[in-house]
Structure formats: C-alpha cells, structure tokens
Amino acid sequence: MNTEDKEKNWTTIISPRSGWLNINLRELWWYRDLIMLFVRRDFVSQYKQTILGPLWFLIQPLMSTLVFTVIFGTIAQIPTDGLPQVMFYMAGITSWTYFANCFTKTSNTFIGNAAIFGKVYFPRLAVPVSIVISNLITFAIQFGLFIVFLLYFYFKGSSIQPNMWILLTPLLLVQMAALGLGVGILVSSMTTKYRDLSHAVGFGVQLWMYVTPVVYPLSQIPEKWRWLSALNPMTAIVESFRYAFLGAGAIQPWVMGVSIGMTTLFLILGIILFSKVEKTFIDTV
Amino acid sequence: MSDIVIRVENLSKEYRLGDIGHGSLHRDMQSWWARIRGKDDPNSRIDTSGSAKRNKNESFWALRDVSFDVCQGEVLGIIGKNGAGKSTLLKILSRITAPTTGTIKIKGRIASLLEVGTGFHPELTGRDNIYLNGSILGMKKREIDAKFDEIVKFAEVEKFIDTPVKRYSSGMYVRLAFAVAAHLEPEILIIDEVLAVGDADFQKKCLGKMGEVAKGGRTVLFVSHNMGAVQNLCPKTILLDKGNIKAYSITNNVIEEYLFSKKIDYNTIDLQNHRPSWAIPIIKSARILDKNGKVVNSFPIGADIIIELFFNVDTYPKLKVPVMGVVINHSTFGAVTAVNTRMTGHFSYESSCSSGFIRCTIEQTPFVQGLYYVDVWLGDDKMDLDTLTGYLFFNIEATDIYKSGRIPFSDLGVIYLKPSWQFIPDSRSVL
Chain A
0 MNTEDKEKNW
10 TTIISPRSGW
20 LNINLRELWW
30 YRDLIMLFVR
40 RDFVSQYKQT
50 ILGPLWFLIQ
60 PLMSTLVFTV
70 IFGTIAQIPT
80 DGLPQVMFYM
90 AGITSWTYFA
100 NCFTKTSNTF
110 IGNAAIFGKV
120 YFPRLAVPVS
130 IVISNLITFA
140 IQFGLFIVFL
150 LYFYFKGSSI
160 QPNMWILLTP
170 LLLVQMAALG
180 LGVGILVSSM
190 TTKYRDLSHA
200 VGFGVQLWMY
210 VTPVVYPLSQ
220 IPEKWRWLSA
230 LNPMTAIVES
240 FRYAFLGAGA
250 IQPWVMGVSI
260 GMTTLFLILG
270 IILFSKVEKT
280 FIDTV
Chain B
0 MSDIVIRVEN
10 LSKEYRLGDI
20 GHGSLHRDMQ
30 SWWARIRGKD
40 DPNSRIDTSG
50 SAKRNKNESF
60 WALRDVSFDV
70 CQGEVLGIIG
80 KNGAGKSTLL
90 KILSRITAPT
100 TGTIKIKGRI
110 ASLLEVGTGF
120 HPELTGRDNI
130 YLNGSILGMK
140 KREIDAKFDE
150 IVKFAEVEKF
160 IDTPVKRYSS
170 GMYVRLAFAV
180 AAHLEPEILI
190 IDEVLAVGDA
200 DFQKKCLGKM
210 GEVAKGGRTV
220 LFVSHNMGAV
230 QNLCPKTILL
240 DKGNIKAYSI
250 TNNVIEEYLF
260 SKKIDYNTID
270 LQNHRPSWAI
280 PIIKSARILD
290 KNGKVVNSFP
300 IGADIIIELF
310 FNVDTYPKLK
320 VPVMGVVINH
330 STFGAVTAVN
340 TRMTGHFSYE
350 SSCSSGFIRC
360 TIEQTPFVQG
370 LYYVDVWLGD
380 DKMDLDTLTG
390 YLFFNIEATD
400 IYKSGRIPFS
410 DLGVIYLKPS
420 WQFIPDSRSV
430 L
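Chain order of the listed sequences is A and B.
Numbered per numbering that gives the first Met the number 0, the first sequence spans residues 0 to 284.
Numbered per numbering that gives the first Met the number 0, the second sequence spans residues 0 to 430.
Here chain A stands alone, though its shape is the one from the complex (with noise of 0.2 Å):
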C-alpha cells in the first residue's frame, strides 16, 4: 500500500559505487568504542612482552636526538640557528615522529588488515583513525621528555625563547595527523593495486625527513629555493613548532598557508581513493 513510506525506512542500502566523497562520519562515530579498543590494542601489544616496555617510548627520540647532534652537529657543523643542538634536534625529532608514525602505520591500513577486513564490515576508516588517535599517546609521551628538557635548558639560561605560538602547538597536531593519515590513506589505498609501493615508504619517510628541515633550520636553503621547500607541507609544521618554543625559525605567514592548502589537498585525495578502494579492494588483494 504506502511502499513510499517502506521505501524511506532502509537503514542500509548496498550499491555498486558511492559518491566521491562518501564518508560516513555518523557511521564512524557510532563506532567510536571499537576505535579506542584498537587505540587500547595497539598501545598494549606494542610493547608487551618487551623488556623495558613503554620505555621504548624515550629510548627512541633519545638515541636519534644523540646521533644526529653528533653527526649532524658536531662533525657535519650544521649551523642550528643559534640553539642549543639538543634541542633543535630534539624539537625537529619529535614533531616529525608523529607525523612519520602516522604516515608509515596508516599506509599499511589495507594489506595489514585484510584478514579482518575479509571478514567482517565496519567503517574501514576506523583503523586508520585508531592509528592516529594511539600515535597520539606516544607522542605525548615524547612531548613530556621534549619538556623536561627544555625547562632544563631554559633555567640554564639557554638562548632559547618560548613564546605565544606554543598555543598552536594543538593546530600544529590536527595538521600532522591530518597529513599523516591523508598521505597514508592514499599510500595505503594505492597499495592494494601495487604492491611494491610499500616497500617505497619506509624509505620514502626517510628522504621525506631530509627535505624537511628537521636536521637543518629552514635558513639554511637558499631565499631562491624556500618556495619548493614550502610545498613541503612538513616544513612549515616542524619549522613552527620549533620557533613556537625555542624562539629561531624562519618561517612565514604565507608558507604556513601552502602548508594548510597541501595538507588539505592531501586529505581529500586521500579520502576519495580510500573510499574507492575500501568497497571493492578484498577482491583484489
């Protein structure tokens, strides 16, 4: 009789091909209990079973923060702005991290989860979220250290100057993590066609970290070259955070703004392969 009022009452409707930009963000919402339970997973199992567990957390930027203050400061003699080179290392290694960690784990979303994804439906957006969410916790940790050192070297009576900007060290974090899981989600979306691309980004973090200035002050490149450096969106991420709490930087107003402009682009790319892909790709893998 009334199939016009039946025809309104579908919770679900499964169809070939969704829109472009077809996310479902009530949907990942109302998953949001299963994205801290993987949030809670991967922090637990990350490091039980390890010897000095979540010490790991500050073993890490420790060691690089070492190696690269004698290699890169001491024997290489980079200039470091006129900082202390712990902390200009210090500050570069940890803001990169997060963003490295999101990229490299949410690459992986697609071939890393196929087996559940094979067998069960949830909003496949869900995981690389979660990544993002537990990188999170690490990054607290890293902060904390990064802290402690930097009182340490302020009551010292280092030159260095905190300042205001620290207030947007939380935009500077949504920035990274949308960055991250953009690129990671379109690596990741990628990669369920061609394989060989996850072997490109471990290697590719790397070089992406040496064209960001993280072991060099973006005053070190060339005025005539600073705008192929700006379309690195990390640069003008790592280049703030530091100026925002060592006071040295040299960065501009309208390179933050391609910074924002690439790592929209890059989440919005991203999105659309991902939601391409998520419908179909177990038929492929």
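Worth flagging that the hints you see were computed from the coordinates, not collected in a lab.
Take these hints with a grain of salt, some might be off.
Calculated cross-link-like contacts (lysine to aspartate or glutamate; reagent style EDC-like; alpha-carbon spacing at most 20 Å) [claimed, not checked]:
hint : chain 1 : residue 1 : chain 2 : residue 2
1    : A       : LYS192    : B       : GLU13
2    : B       : LYS235    : B       : GLU256
3    : A       : LYS278    : B       : GLU8
4    : B       : LYS106    : B       : GLU184
5    : B       : LYS235    : B       : GLU73
6    : B       : LYS106    : B       : GLU8
7    : B       : LYS140    : A       : ASP32
8    : B       : LYS104    : A       : GLU26
9    : B       : LYS245    : B       : ASP68
10   : B       : LYS140    : A       : ASP282
11   : A       : LYS278    : B       : GLU13
12   : B       : LYS139    : A       : ASP32
13   : A       : LYS47     : B       : ASP161
14   : B       : LYS146    : A       : ASP32
15   : B       : LYS106    : A       : GLU26
16   : A       : LYS47     : B       : GLU122
17   : B       : LYS106    : B       : GLU73
18   : B       : LYS165    : A       : ASP41
19   : B       : LYS241    : A       : ASP282
20   : B       : LYS140    : A       : ASP41
21   : A       : LYS275    : B       : GLU13
22   : B       : LYS235    : B       : GLU186
23   : B       : LYS139    : A       : ASP282
Here are the in silico distance ranges between beta carbons for each label pair [to be verified]:
hint : chain 1 : residue 1 : chain 2 : residue 2 : range
24   : A       : GLN251    : B       : PHE147    : 53 to 59 Å
25   : A       : LYS223    : B       : ILE35     : 33 to 39 Å
26   : B       : ILE35     : A       : PRO53     : 51 to 57 Å
27   : B       : PHE147    : A       : LYS155    : 49 to 55 Å
28   : A       : ALA75     : B       : ILE35     : 53 to 59 Å
Computed footprint of chain B on chain A, listed as stretches where at least three residues anywhere in the stretch have a Cβ under 8 Å from a Cβ of chain B [unchecked claim]:
hint : stretch
29   : 30 to 43
30   : 116 to 130
All figures in this text were calculated on a predicted structure; none of them were measured in a lab.
For each residue, glycine too, the CB sits at the ideal point set by N, CA and C.
Following the hints, put chain B in place on chain A, whose structure we already have.
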C-alpha cells in the same frame, strides 16, 4: 503480512580473471606508455590471432541477477555447491565487498559471522578480546558490559579471563570466540558454517544456541553444507547454482532438488566441507553403489545398498586395524541406525596395505521411501580418526512392496515390516 527486512534486487557480481592491473606500477606505466603511443600493450596476453589485444571477456559472474526478499523473523538457509555464489552473496550482504550491479536494501542492524574470532589479538587477555571482538562485530561497549558475564560463562573460561589468549588451548580459544558471536543481538544475523568448530559437545551447544536465536524472532541467513543443520533450523531455503537462484522454497523440497542436481558428482574438494576440524583426512572418497557395483543414489524399497569408502593411511601409518562405521540418518527423523565393525567383528584385512576400499553391504534395506544421509566413519580399534558427515545420501523410492498398489507410510517412522496377518475366529461367536 510480515515486513520485508532484506530486499535483494538484480544483484550481480563480476570477478575479472587474470588482468586486474599487473600488480606493479612499473608494468602499468609500460602499458599506459604503449597505449598513448598507439602501440601494442607489451603486457597483455597474446591471443591466437597474433596481435596483442586486451581481452575483456575474461570475467566470471559469481552472481547473476539474483533477486529475493527476506521477511522479518525468517530463518533462511542458503545452500549450493562450491562456487555456486554462496560466499559471494554473503560477502556482499555483509558489506565486505560491493556488488557489480544491483542493490540490497536492509532494514535493521546486520551482523555477519563468516568466521569466529575475527580480530582476536593473541597478546590481549580474554577480557580485552571479548570487548575487541564484540565491537568489531558491531556491539557497543555497554552492550558488551551487560553481556560480559554471560559470554564468559558460555565459553567456560572464567578462570582464565585475565590471561592472554595466546596461552589458551585451541578449544578454549574457539569457545570464547563463538561465545562472543553467539551473544550478538542484531536484527539480522548472517552465519556461515561456524558450526564446524570445537568438539562434539560444544557443537551441540552451538546448534542449540543457534536454534534459540532463530526462535527468538530474529532474521537469520544461514549458509551451510550441513543439510541436517539447514533442515533443523531453516523452514525455507535458497538453492544457488552457478550464480543463479535455482530454487527458493520449503527446505525439504530444495534440499531434495539440490542433492539430485548434485547427481553422482562426488568430488574430493567437497569432502573437506563434511569433515570436522579434528578429523585426519584418511578417507579419500566415498560412494554409494548398488549390488552390481554401479554408482546409484536412488533405490527401490528393500534393495541391497553398498556403502564404499576408499582410504589411504600413508599420512597416518599407525592404523593397524581399520574400523569402519556407518550412521544412517533420515532427512526428518534424524539418526535411524548405526553400525561399525567394532561391534560386528572386523573384516579380514592385510595390515601391509596402506590403502584400499572398504565396502559395507546392507542387504534388503528395511527403510521406507524418503531421503537418507549416510555418515561414514573410519578409525582404529580405540578411536575414530576420520568421518564424513552428511556427504553421502540415497533416496528410497516409493515402491509397491506389498504388490497391492499401495505404498508404505512415510510419515510414521522409517522402516517397513513384512508382517504376516492371521485371523483367528472367536469360537464362542460362531453361531
């Protein structure tokens, strides 16, 4: 008139064989570069005409124009041979993959159990895994909170709930996994063969739980090779064949159609579907023969039936005295009779043989018309090693056994008698 909760309309799924891209960026670039220069694709297959052409016909339709409706509270079986499209249909219904054309409309929450224990993490404790697995299957945290004790009790793992599941025995692991799944409460439940888990006792418990779910008014789609289970749980059944719906009707009719469409197509891929997980696969084939040794699956009442199996114990050389067992089940009455060589005495056997046929001849079968499944068992003197359940079947045709133009009742038991009747007059009543 009950509400339609699943409406499948013209559903098709195409799988492309072979050329789904070349799997590497390098070769895709090569093909693309060749195409824009108007040259032959160096990576396409070379066909007989000599020129390399993209072969677009290499596709396979796993489902073709499938349409059906499922009503609220219906428990629907889905059967069919391997490759008939059952799994594809389930995958599309549970949104693991998308259809090529057609739509499915669903009313209500849907949960699918294509495998138990999906997402279990070995390092996490039983408690954590209940929560993780439960929410992967679509439960909210507070739903799991409410069900937690019940799940733990059902799985019988109370003592170990805070132990990482990697320390669980495989039995405990499976029990816990099934317990979580069994406590899902979606409006629509899709189940694929999960009954083939655990030991016999636990299987019985699972079947019981499934029956409960089915009776609880929820809509269930159940895919299985176990005809007995389908018959017990599902009033109606869909038979899929080569991607099409071949029948959608009362379960008994559909199963009959299925078994006879299967003909005498005994193939070894099928065997694994009829074997519990504990079985050691030493039965290599099994057949039903008539007394002349011909493969037949329909017999008149009272015929001789031979159940034959072929075994090979190269992989299990400990077998010294093979014991064969046979259980005959009627399609609706259940188990009818069972016999094995432990009780009847062994057949003569040369223990130097590692393989061979064993034939069990049943002379003048006492069964009335109907459909019978045969479970065959093979073991040694102490234990059972392998079994195929619900794999073999035979049909007894209604036969005019009494030469009276009438056939025996088929709904009042399964055996026929050949009684002799006698009238003894009451002498007192003789006038």
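Hint check results:
Pair hint LYS192 (chain A) plus GLU13 (chain B) holds up; C-alpha atoms about 18 Å apart against a cutoff of 20 Å. Using a Cα cut-off of 20 Å, the hinted pair LYS235 (chain B) and GLU256 (chain B) holds, with the two alpha carbons roughly 13 Å apart. At most 20 Å may separate the alpha-carbon atoms for a hinted pair to count; LYS278 (chain A) and GLU8 (chain B) meet this at roughly 19 Å. Of the pairs offered as hints, the one joining LYS106 (chain B) and GLU184 (chain B) holds, with about 15 Å between alpha carbons and a cut-off of 20 Å not exceeded.
Annotation: proposed proximity of LYS235 (chain B) to GLU73 (chain B) holds, straight-line Cα distance about 8 Å (limit 20 Å). About 14 Å separates the Cα atoms of LYS106 (chain B) and GLU8 (chain B), which keeps this hinted pair within 20 Å; it holds. Of the supplied pair hints, the one linking LYS140 (chain B) and ASP32 (chain A) holds, its CA atoms being roughly 6 Å apart against a limit of 20 Å. The suggested pairing of LYS104 (chain B) with GLU26 (chain A) holds, with an alpha-carbon distance near 17 Å, which does not exceed 20 Å.
Our distance criterion of 20 Å between C-alpha atoms is met by LYS245 (chain B) and ASP68 (chain B), whose separation comes to about 15 Å. As the CA atoms of LYS140 (chain B) and ASP282 (chain A) are separated by approximately 31 Å, the hinted pair breaks the 20 Å bound. Our distance criterion of 20 Å between C-alpha atoms is met by LYS278 (chain A) and GLU13 (chain B), whose separation comes to about 14 Å. Restraint check: the Cα-Cα separation between LYS139 (chain B) and ASP32 (chain A) comes to about 6 Å, which is no more than 20 Å; the hinted pair holds.
Under the criterion of a C-alpha separation no larger than 20 Å, the hint pairing LYS47 (chain A) with ASP161 (chain B) is consistent with the structure, at around 15 Å. Taken as a hint, the LYS146 (chain B) and ASP32 (chain A) pair is honoured in the structure, with Cα atoms around 16 Å apart against an allowance of 20 Å. Restraint check: the Cα-Cα separation between LYS106 (chain B) and GLU26 (chain A) comes to about 16 Å, which is no more than 20 Å; the hinted pair holds. For the given pair, LYS47 (chain A) sits about 7 Å from GLU122 (chain B) by alpha-carbon distance, which is consistent with the 20 Å threshold.
With a C-alpha separation of about 13 Å, the suggested pair LYS106 (chain B) and GLU73 (chain B) falls inside the 20 Å cut-off, and the hint holds. Taking the CA atoms of LYS165 (chain B) and ASP41 (chain A), the gap is about 16 Å. The hint holds against a cut of 20 Å. Using a Cα cut-off of 20 Å, the hinted pair LYS241 (chain B) and ASP282 (chain A) holds, with the two alpha carbons roughly 18 Å apart. Simply put, LYS140 (chain B) and ASP41 (chain A) have alpha-carbon atoms about 18 Å apart, close enough for the 20 Å limit, and the pair holds.
Between LYS275 (chain A) and GLU13 (chain B) the alpha-carbon distance is near 17 Å, which keeps this suggested pair within the 20 Å criterion. Straight-line distance between C-alpha atoms of LYS235 (chain B) and GLU186 (chain B) comes to about 18 Å, which keeps the hinted pair within the 20 Å bound. For a cut-off of 20 Å, the pair hint linking LYS139 (chain B) to ASP282 (chain A) is broken: about 29 Å separates their Cα positions. As the Cβ distance of GLN251 (chain A) to PHE147 (chain B) is approximately 56 Å, the hint placing it in 53 to 59 Å holds.
With their beta carbons about 35 Å apart, LYS223 (chain A) and ILE35 (chain B) fall inside the hinted range of 33 to 39 Å. With their beta carbons about 53 Å apart, ILE35 (chain B) and PRO53 (chain A) fall inside the hinted range of 51 to 57 Å. For the pair PHE147 (chain B) and LYS155 (chain A), the supplied restraint of 49 to 55 Å holds, since their beta-carbon distance comes to about 53 Å. Between ALA75 (chain A) and ILE35 (chain B) the Cβ separation comes to about 45 Å, which falls outside the hinted range of 53 to 59 Å.
Interface restraint, the stretch 30 to 43 of chain A with chain B: holds (8 residues with C-beta to C-beta distance below 8 Å; minimum three). For the stretch 116 to 130 of chain A, the stated coverage by chain B is satisfied: 6 residues place a CB nearer than 8 Å to a CB of that chain, which reaches the threshold of 3.
Violation of the numbered hints given earlier is confined to hints 10, 23 and 28; the remaining hints are satisfied by the structure.
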